[in-house]
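Enquirer: The whole structure should be built from the sequences, with the hints applied where relevant.
Terminal number for the sequence shown in this note's numbering: 143, no gaps in between.
Simulated from the structure, these hints should not be mistaken for laboratory data.
Label pairs and their computed distance ranges (CB to CB): (1) 111 x 70: 36 to 44 Å; (2) 140 x 70: 36 to 44 Å; (3) 96 x 67: 32 to 40 Å; (4) 55 x 97: 22 to 30 Å; (5) 39 x 65: 21 to 29 Å; (6) 125 x 44: 16 to 24 Å.
Bear in mind that the values here come from a model prediction, so they are computed numbers and not experimental data. Built from N, CA and C at the ideal position, the CB exists for glycine as well.
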Amino acid sequence: IDLATALPSPDSDNRISNQVASETASLPLENPATGRLDASKIAECYGIAPSALAEIVCVSRQSLLKTPDSPHRQSLLRPFAKFAQLAVGLLGSPERFRVWLNEPNQELYQHVSPMELISRGQIADALALVQDQLLGTPA
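Expert: Here you go:
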């Protein structure tokens with residue numbers, strides 16, 4: 005799945021923003037009781053085990069599983085939530101996001117998948133890829 009082909013035409017910036025906002029509103033990444041980002045829900049969205057997410061964000065698996073919506077980890081989880089919300093909004097569904105996430109990407113160095121980039125701790129680079137696609141600028 006190519007993000008560029010999933011996007012509307014460049015002259016529809018407002019429609020893109022509205023589309024992303026409406027489609028990500030239904031992406032439940034927060035604990036409804038606390039309103040905080042929930043690492044378990046983020047891991048599920050990415051199609052990975054919570055222990056894999058714990059390794060990526062450099063926290064203990066036990067800690068992440070015990071309190072997946074810890075207030076102390078919100079800043080670590082925010083880029084992962086933003087990346088997922090933007091990409092799901094552009095691709096149209098969490099399922100398409102998971103497929104795209106694991107496919108080699110021509111725009112990334114050595115054509116790695118976005119998930120490989122994220123697994124290396126480079127969530128900022130993966131987020132930049134999606135933001136560039138959203139804005140219609142080259143990566």
